[in-house]
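Visitor: Protein chains in written order, with this note's numbering: chain S, 1 to 714; chain U, 1 to 714.
Source of the hints: derived by calculation from the structure; they are not laboratory data. Any given hint might turn out to be false.
Remember, identical chains collapse to one label, so a pair may be satisfied in a single copy or spanning two.
As the list claims (entries may be wrong) - Calculated lysine-lysine pairs in the DSSO-like style (CA-CA distance at most 30 Å, straight line): (1) Lys583 to Lys333; (2) Lys516 to Lys157; (3) Lys371 to Lys583; (4) Lys303 to Lys583; (5) Lys590 to Lys333; (6) Lys157 to Lys659; (7) Lys179 to Lys516; (8) Lys523 to Lys314; (9) Lys590 to Lys430; (10) Lys485 to Lys107; (11) Lys286 to Lys86; (12) Lys486 to Lys371; (13) Lys590 to Lys279; (14) Lys550 to Lys179; (15) Lys10 to Lys659; (16) Lys516 to Lys485; (17) Lys523 to Lys107; (18) Lys107 to Lys583; (19) Lys430 to Lys19; (20) Lys286 to Lys79; (21) Lys550 to Lys19; (22) Lys279 to Lys430; (23) Lys179 to Lys157.
This one's a predicted model, so the numbers in the text were calculated from it and none came from an experiment.
Protein chains: 2
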Amino acid sequence: MANESVAYDKDAVREVLDKARAEGRESLTAPEGRRVCEAYGIPTPGEGLAGTADEAVRLAGELGGPVAMKIVSPDILHKTEAGGVKIGISGDDAVRGAFDEIIANAKAYNAEASIDGIQVQQMLSGGQEVIIGATTDPTFGKVIIFGLGGVLVEVLKDVTFRLAPVDHATAISMLDGIKAAEILRGVRGGEAVDADALADVITRLSDLVTDFPQISEFDLNPVFARPDGASAADVRILLDNTDHAEPVRYSQEEILATMSRMMRPKAVAVIGASAENGKIGNSVMKNLINGGYAGEIYPINPKADEILGRKAYKNIGDVPGDVDVAVFTVPAKFVPQALREVGEKNIPAAVLIPSGFAETGNHELQDEIVKIAREGGVRLLGPNIYGYYYTPQDLCATFCTPYDVKGGVALTSQSGGIGMAILGFSRTSKMGVSAIVGLGNKSDLDEDDLLTYFEQDPDTNIVAMHLEDLKDGRSFVEAAQRITKKKPVVVLKAGRTALGAKAASSHTGALAGDDKVYDDILKQSGVVRAYSLNDMLEFARGIPVLPTPKGENVVIITGAGGSGVLLSDAVVENGLSLMEMPKDLDEAFKAFIPPFGASGNPIDITGGEPPSTYEATIRLGLEDDRIHALILGYWHTIVTPPMVFAELTARVVAEARAKGIEKPVVASLAGDVEVEEASDYLYQHGVVAYPYTTEKPVAVLGAKYRWARSAGLI
Amino acid sequence: MANESVAYDKDAVREVLDKARAEGRESLTAPEGRRVCEAYGIPTPGEGLAGTADEAVRLAGELGGPVAMKIVSPDILHKTEAGGVKIGISGDDAVRGAFDEIIANAKAYNAEASIDGIQVQQMLSGGQEVIIGATTDPTFGKVIIFGLGGVLVEVLKDVTFRLAPVDHATAISMLDGIKAAEILRGVRGGEAVDADALADVITRLSDLVTDFPQISEFDLNPVFARPDGASAADVRILLDNTDHAEPVRYSQEEILATMSRMMRPKAVAVIGASAENGKIGNSVMKNLINGGYAGEIYPINPKADEILGRKAYKNIGDVPGDVDVAVFTVPAKFVPQALREVGEKNIPAAVLIPSGFAETGNHELQDEIVKIAREGGVRLLGPNIYGYYYTPQDLCATFCTPYDVKGGVALTSQSGGIGMAILGFSRTSKMGVSAIVGLGNKSDLDEDDLLTYFEQDPDTNIVAMHLEDLKDGRSFVEAAQRITKKKPVVVLKAGRTALGAKAASSHTGALAGDDKVYDDILKQSGVVRAYSLNDMLEFARGIPVLPTPKGENVVIITGAGGSGVLLSDAVVENGLSLMEMPKDLDEAFKAFIPPFGASGNPIDITGGEPPSTYEATIRLGLEDDRIHALILGYWHTIVTPPMVFAELTARVVAEARAKGIEKPVVASLAGDVEVEEASDYLYQHGVVAYPYTTEKPVAVLGAKYRWARSAGLI
């Protein structure tokens, strides 16, 4: 993964790290850190190790300017505390004096300390102090950090993260990714820093920790960023020489082989099927049958011969043909034995509805079933889930009520409660769904397996996921980066505040990472993050309704000036750009609206206008190539009632589509209750429309744009 | 308004300002600035004016340490450009050299310049650089600014504003009001700055600009804030000696006298009443009659004898008895004459529905009617509005459809479109409303008049306002500070982004101020700001439903762990505090929930629990005095269906209220579509509940808390 065009001296680094390991150290000395930096071409200030005061004087003379002097001893970790650091030393006498004083201090601090000498270092100054570092995140592994240095930014926490390895373009994006980025570009007549030099330091550091994963933390702080280069004034390197188990990973082919049989099974077995109402094993059977699933259904129950008209089997091993997925509805304690039999029957996937595993503190039982599954070649969904829906197969393998509005939206949730909210929202909003999948404890199958399946699933065109943690952040990012090039992925990451994270960890035993790490890396992976449950649901519903915009020029056409102002607010908040209106286009719009209507953008057609004004301006907005997306603000009047507006808008949009003009159109409807029906009508006709809110339609448009940009489509 | 305990030398300031005025200057020289600071006890560094090099040497010696030297000349404004500034000068020779060089530079820069001498100033350093200033905002008048100094904060714009005059407590709140406030309190072992000294500078500056309004801008930048004091290193004062017309203001008694007759009229005249369907004058008549208004209705129409069964009059002057309000439905051009007649008839209020005034560029006509109204003693609502509703009187003086769900919510909107959204939302959510008022162009009556009325209106217990600008920010703040002590006020300020503000100004000709000024001053005035239309509406609906909390301890009780995590996120985002659970209380909750349920807060009762578990835990949450507010997370299961949960919750809450226990309870319902009915039921029974969202119920609770805190109730 290393930047192959750069010659790195890996042997030199290996030697330093091996020595530290041999000595049982978990940190490197400053000269070692410097050697590591040099080996990977990370610029550091001139320096040398002085064994005597004379050597120190000579070194200081060679370096020029004031120097910093620091004790070098494997036995003194806290150099400042030991009186082992002097800075800003100029002149031979001062250097000599500092040398003697540091040695004396060090001996007083620890008489037994072995002293290698004193590091004499060129003092850097000028330029902007920044921090560049690497850390090992429990979720994502090696992560690169960039931020401005100094106490102020430490308080404001203005830093940005990326998954390593980081290439040059990504490194440049980190410089732009902090709030105070403007400072790097030069403010108040200050010169811009050398962005390429900083990006170079970032990529080299990234390559280094990628090549040597035993480097657990790496701080270059401060790095002085100047208009003509950058160098790291201080280096701190921590090691973790323990072996970490790699997460179990499967190839895409393996994942697809299993997932395809699970999602499109020819035969489903229900372990613990029951004829008794109210039992989960009964609900699942009913839902499979009533949902219209056309494949074989095998109830497994040691005490029954037949359940709901289907022949029952005592054991899964008794089932005559192949089975693609086994849905478990038995209590937790019966799962291990049944799972063994599922493995013996060569069933590739088990869906574990029962609870009573890690989420109740029973980690042993969960570990046991994971082991059994691995030995038997069975992949597990759950445990502790509601099951899953897959509408292309009319498959409703859950204990909830069936859902049958088919469409392209696949939804997943870590939590059962959120799964139920997904179901209710889908039903009430008539959202076309391909899949709803519960992930629960994620003992095995998780988000990246599902993304790998949905990526190639012709029946899915968007994925929305609720998650509290990622078991394997790196696999998630890999899968997400692949699929988001083709299909949008919306993620609601719960536990994003400190308190929320605490609740998450008491709930699933998951260790929720710092939210800023998630935020930056989710962005890097191309997903659209939703910051609320309702946003996730509305984005899932709205994004596939909207065509992908071809550019950034957004135009607002509004009957209510007041809505225009609020819609403009929403445009800015959602990172969209109101088009600067070309003169000819401005004139063209003006021709349709009263002289006192506001030209420019928003285009305020004014409130008392007839349907023809809405129609003419919307048509112009659709037909002019320079405009890429439309936001409509409708104002309920007697002259243009809600349904009249809805029908004319739907018609004009359909006419444009018939001509091959595909642009996203969203609408905010301000008016009496009839605007609810009008909004529904518009939504069913490809216009994302809401009553009583100016913010929601623009937020959905903004989400579509975020995806289109990350997929490189605009 | 000045801080009376401090002896200010007003005469000294007046003398400086008068001199500058006499000389036609709009800025003060540095020594003048210093004199002004001294007169108000604002500490500045030691300094003096040197006429000769010898004097400069003597002064520098007296001041001690390095000095800054600056040319003082009324003819040289850009001192640095003129080579007239030297800093960090130490030692007699250096001071002498600097003196000569500055004089030479100044003469080279402008040979004609009259030179007063050279200012020799003690150089301050150490401590934290902050900026303290005052400016004259077009909406709010004198406004005080506080922020950290330095280029970084300039980029991050971390400043806070307050309306002057500012008292000591408010000044202290400014120090806490910036994002980087932590720096002032001391970070990384740094000492805290002297907050009282900084607050003292702020209040003195505030008193100064309050006493001398001709000071239009005042910058103390930087002020060095040290652990043992603060002093201003640089002073910049700009003057505006032009006379500004004070906005017309009325006393509270005058406002109430008019507003009471307008809102509770015994007789209403409709100028331009019509029998013809589709005419606005017909709609208004119908709405008045069909809305059930019990007072007299006088149609005014020169061509009719009777309209909708009511005797019509040719002119308003012909009406026999007193009239309290005249509703105008005639075209703009007929307004002036009719308004004159309204004045002659001594009608105190005119409601101007017609458009065609400032909003269409016709400022002259608007100015004319304002003048006529003032001469006639008539207050104007509008023009360019839908009219107004006042349900306690069954009064529907609008051309929209009647609204009759009575309740305590008063809503106002500057925009007609937003007014229609208010109407539709109210109807669909069955919100109990006292008034809906259109403000339109606000040629006269505006938000502060309405606040003054609603403050004492027994039928109103909350006010929600949509606004794009304030004509008189100071009157608004005064009225808002008064009413918000008793009743919550929610404000949606549109045009809050740069783009939004642009749209506002093209729409109403209003000059939208910088949003941060609005944000801070709205907070200072005690209003709850909503940042979206839907939030404004939901806050208006929900806040009066919830009792006022008595403390900050919020507890989440949830059936779905996943909802618990999202609800915790929302708690943090809304500035609420999850209660640290005392051991005994934790044990008490644990007694009701399964052993694997999560204790602490959120209390995760787990998903499979029967109604009795919800009931027992909710009751305990209500009855324990240490808990001040409850957030419920419901998870739809067969064991506890939605309506069962809704009914038991409503019952337990009602039982507690019967015992005098009043706590806000909000709920998020995750489940299939039945949760919609359950949420409605809960809302009707005093629990603010929503389906498919974890964020909205917590946002409403957060809004209630914001108001309760600002009113000093917790």
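Visitor: Could you figure out if Lys485 and Lys107 sit no more than 30 Å apart (CA to CA) within one copy, between two copies, both or neither?
Guide: Result: close neither inside a copy nor across copies, 61 Å intra and 67 Å inter.
Visitor: I want to check one pair: Lys10 and Lys659. Are their C-alpha atoms no more than 30 Å apart within a copy, between two copies, both, or neither?
Guide: neither (60 Å within a copy, 75 Å between copies)
Visitor: Can you give me the call for Lys179 and Lys157, within, between, both or neither, at a CA distance of at most 30 Å?
Guide: both (10 Å within a copy, 11 Å between copies)
Visitor: Between copies, within a copy, both or neither: which fits Lys303 and Lys583 at Cα up to 30 Å?
Guide: neither (81 Å within a copy, 47 Å between copies)
Visitor: Within, between, both or neither: how does the pair Lys371, Lys583 come out at a Cα-Cα threshold of 30 Å?
Guide: neither (69 Å within a copy, 38 Å between copies)
Visitor: When no copy is specified for Lys430 and Lys19, does a C-alpha distance of 30 Å or less occur within a copy, between copies, both, or neither?
Guide: neither (64 Å within a copy, 75 Å between copies)
Visitor: Treating 30 Å as the Cα threshold, decide for Lys516 and Lys485: within, between, both or neither.
Guide: within (23 Å within a copy, 38 Å between copies)
Visitor: What label fits Lys179 with Lys516 when the C-alpha limit is 30 Å: within, between, both, or neither?
Guide: both (13 Å within a copy, 17 Å between copies)
Visitor: For Lys279 vs Lys430, is the C-alpha pair at or below 30 Å within one copy, between two copies, both, or neither?
Guide: Cα proximity of Lys279 and Lys430: one copy only (29 Å, versus 40 Å across).
Visitor: With identical chains, the pair Lys486 and Lys371 could be close in the same copy or across copies; at 30 Å between alpha carbons, which is it: within, between, both, or neither?
Guide: For Lys486 and Lys371, the Cα distance exceeds 30 Å both inside one copy (35 Å) and across copies (64 Å).
Visitor: Given identical chains, is Lys516 near Lys157, meaning Cα to Cα at most 30 Å, within a copy, between copies, both, or neither?
Guide: For Lys516 and Lys157, the Cα distance is within 30 Å both inside one copy (10 Å) and across copies (21 Å).
Visitor: Are the CA atoms of Lys550 and Lys179 at most 30 Å apart within a copy, between copies, both, or neither?
Guide: The answer is within: 28 Å in one copy meets 30 Å, while 38 Å across copies does not.
When held up to the earlier numbered hints, the structure conflicts with 1, 3, 4, 6, 8, 9, 10, 11, 12, 15, 17, 18, 19, 20 and 21 and fits the remainder.
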